[in-house]
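Given the structure of chain U, go ahead and fit chain Z onto it with the hints provided.
Protein sequence lines, in the order shown, are assigned to chains U and Z. If you count the first sequence from 1, you need to add 7 to reach my numbering. If you count the second sequence from 1, you need to add 435 to reach my numbering.
Some clues are possibly wrong.
Below are the DSSO-like pairs computed for lysine-lysine, each with C-alpha atoms no more than 27 Å apart in a straight line [as the list claims (entries may be wrong)]: (1) Z/539 / U/332; (2) Z/451 / U/21; (3) U/41 / U/339; (4) U/35 / Z/506; (5) U/35 / U/21; (6) U/434 / U/411; (7) U/339 / U/482; (8) U/22 / Z/451; (9) Z/478 / U/35; (10) U/21 / Z/495; (11) U/360 / U/478; (12) U/41 / U/61; (13) U/183 / U/134; (14) Z/478 / U/21.
Since the hints were derived computationally from the structure, they do not count as laboratory data.
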Amino acid sequence: MALKNAKEYLDSMKKLSPRVYCGGKWVKNLLNNKVTRSMVMANAEMYALAEDPKNKEIMVATSHLTGEPINRNLNVARNIHDLDMRQEMALLTSQTVGTCNYRCVGCDALNSLAATTWEMDRDLGTKYNENFNKWLKYAQANDLAVSGAITDAKGDRKKRPSEQEEPDTFVHLVEKRQDGIVVRGIKVSQSGAIGSHETLVLPGGALREGEEAFALAFAVQNSVPGLTYICQYNAYSAEREFCEEESELGNPIYGQRETSTMVFDNVFIPWERVFLCGETKYCGRMVTRFAKAHRMNCGGACKVGFADLIIGGTLLAAEYIGVEKVPHIQEKIIDMVRLSETSHACAIAAAMKGREEPKGSGVFLPDDLFGNAAKLNIAHGFWEIIKNAGDIGGGLVVTAPKLKDLEDPEVGPMLKKAFSAAAPADKRLKVAKFLQHWAAGLHGPGTWHGAGAPQTQRFMISVLTNFDAKKKMAKKIMGMKEE
Amino acid sequence: MALKEDDQGLEIIAVKIGNRIRGHYEGLAGTFAGFVYCCLDKKVIPGFHEAGLIAEAELKDGGLLLVLSGKRTETELMEVMDIALENIGAFPGNGKAKYIIDIKSKK
Chain U
8 MALKNAKEYL
18 DSMKKLSPRV
28 YCGGKWVKNL
38 LNNKVTRSMV
48 MANAEMYALA
58 EDPKNKEIMV
68 ATSHLTGEPI
78 NRNLNVARNI
88 HDLDMRQEMA
98 LLTSQTVGTC
108 NYRCVGCDAL
118 NSLAATTWEM
128 DRDLGTKYNE
138 NFNKWLKYAQ
148 ANDLAVSGAI
158 TDAKGDRKKR
168 PSEQEEPDTF
178 VHLVEKRQDG
188 IVVRGIKVSQ
198 SGAIGSHETL
208 VLPGGALREG
218 EEAFALAFAV
228 QNSVPGLTYI
238 CQYNAYSAER
248 EFCEEESELG
258 NPIYGQRETS
268 TMVFDNVFIP
278 WERVFLCGET
288 KYCGRMVTRF
298 AKAHRMNCGG
308 ACKVGFADLI
318 IGGTLLAAEY
328 IGVEKVPHIQ
338 EKIIDMVRLS
348 ETSHACAIAA
358 AMKGREEPKG
368 SGVFLPDDLF
378 GNAAKLNIAH
388 GFWEIIKNAG
398 DIGGGLVVTA
408 PKLKDLEDPE
418 VGPMLKKAFS
428 AAAPADKRLK
438 VAKFLQHWAA
448 GLHGPGTWHG
458 AGAPQTQRFM
468 ISVLTNFDAK
478 KKMAKKIMGM
488 KEE
Chain Z
436 MALKEDDQGL
446 EIIAVKIGNR
456 IRGHYEGLAG
466 TFAGFVYCCL
476 DKKVIPGFHE
486 AGLIAEAELK
496 DGGLLLVLSG
506 KRTETELMEV
516 MDIALENIGA
526 FPGNGKAKYI
536 IDIKSKK
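Extracted from the complex, chain U is given alone in its bound form:
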């Protein structure tokens, strides 16, 4: 089987028993818990999208290892077209579910692994790339949902990993055995790991000599003993958990963005699943290559898909109160489009200017400068977009009563009187709830930090930009002599 459908994915999830804790209790079945189910349903939609012939160009790729059709979430980009379709996939998936494509981080992690393990085998004579390609064939053959775990808990930021009082704040090596390694430690903010078949674990950042124990990359099965997931829990989780009907919520089926803290308590990883162990020199470039891919996709396409939804909801809110033709409303809508499309343009540019890295590997990665510009632009732009959604949507975005209250015989008529405008009250309340999901939800900080906080993009842009060349150009135009 090379392509699973949504039902097959859901059936496979029913068989898995990851150790998941959510909101004060252990979750025995991800599909029976309203909060965890929203994450699984979003992943199922990723499979459904690939089933639809009209999405084939975007969602289905050809495996470079077997020549078989595969879900693009498991594809290693081999050319510019692959990069372009990858960012288009990020756009399409966000537009469709209004939350994460939870296979996205895994996709970008495997592209980084394809490039970096190839480089390590070339430089060091290791077998990591061979192992990785075998794992990838297996993942492709079974169309596995793969998430990615990068961010360590990190502890005291003034201290290096080996200086932490609590060594588990970074995932690290406990034991090297003849048949594999034993690891422990904590990764945080892991999007959709609970509903994935496997997770690709990468180092959280560049490492130095002496920090070999923290230099690890591997693939781990979702429900392997020793691995525990502690889910995020917030007001939106509680609202979903205790609501009478999920249709009342801002994103009824797919929910907010669901993440978890992954705790590795002496987890065994066979050597066949290990893609880096101790080679500190390659950790920085492994993470940088991941970030290069993820900033194009997460920053320049995924959040643009969210922006499309927010703009759509905002237009409806304006129409429902009869202000859609007011000039300053139209101006704000245009600003929202300008901000999101500028980021998408950067993502397209990052794909088009992508190149093989390292030379000879056959792996294509996006242009770093455009990818970072895409992410930095949307990190700031997204706040502007949700600000305008709150502005045009009005106070109702945060003051609306429950939609079902409209049906109450006593207060329903009062609410209909209060909130009927150019459209019936139920439409206004529905769109207000939708905009609340965005404007007062989790996606603002999520967009800010996802794929790295803006300071990391500023640093990369400062490294990647040739400032001297720009000064030279200016001097030449002004007729100033070089000193």
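Same frame as chain U, now just chain Z:
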């Protein structure tokens, strides 16, 4: 997509109950080693988090002898193994088994 075991880095694990092989599972090479680590070192079966399910576990003749606590029918034993192997990333398959898990119920 049919993958061959040897050159593709896969391994076949057979499940034996009594004298009969009751099923074959295909996983990435190293899956059996992972399964053994769970049973011997962590004392739990993948997919089952409760302690005490394993009464005995030992490596024997290159395979694994696994005795489960409680009285269980062959069908129940097979159900446990089906869940356990899928939870460690091995799916129903065919081919020559490299490893055998001999599963029994404690009498």
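Residue 183 of chain U and residue 134 of chain U: Cα distance at most 27 Å?
holds, 16 Å
What's the verdict on residue 35 of chain U and residue 21 of chain U, does the C-alpha distance respect the 27 Å limit or exceed it?
Holds: residue 35 of chain U and residue 21 of chain U sit about 10 Å apart, inside 27 Å.
Assess, step by step, whether the Cα of residue 41 of chain U is no farther than 27 Å from the Cα of residue 61 of chain U, and give holds or violated.
With Cα atoms ~31 Å apart, residue 41 of chain U and residue 61 of chain U exceed 27 Å; violated.
Residue 451 of chain Z and residue 21 of chain U: Cα distance at most 27 Å?
holds, 25 Å
Verify the proposed pairing of residue 478 of chain Z with residue 21 of chain U, using a straight-line Cα cut of 27 Å.
Since the Cα atoms of residue 478 of chain Z and residue 21 of chain U sit roughly 24 Å apart, the hinted pair holds (cutoff 27 Å).
Does the alpha-carbon distance linking residue 339 of chain U and residue 482 of chain U stay inside the 27 Å limit?
Roughly 38 Å separates the two Cα atoms, so the pair is violated.
Given the hint that residue 539 of chain Z pairs with residue 332 of chain U, test it: the Cα-Cα distance must not exceed 27 Å.
violated, 75 Å
Please work out if residue 41 of chain U and residue 339 of chain U have their alpha carbons no farther apart than 27 Å.
violated, 36 Å
For residue 478 of chain Z and residue 35 of chain U, compute the direct alpha-carbon distance and say whether it is at most 27 Å.
Roughly 20 Å separates the two Cα atoms, so the pair holds.
Holds or violated: are the alpha carbons of residue 21 of chain U and residue 495 of chain Z at most 27 Å from each other?
With Cα atoms ~32 Å apart, residue 21 of chain U and residue 495 of chain Z exceed 27 Å; violated.
Need the status of pair residue 434 of chain U, residue 411 of chain U: alpha-carbon distance at most 27 Å?
holds, 12 Å
27 Å limit on alpha-carbon distance, applied to hinted pair residue 22 of chain U and residue 451 of chain Z:
Satisfied, since the Cα-Cα distance of roughly 21 Å is no more than 27 Å.
Of the numbered hints given earlier, the model fails hints 1, 3, 7, 10 and 12; all others are met.
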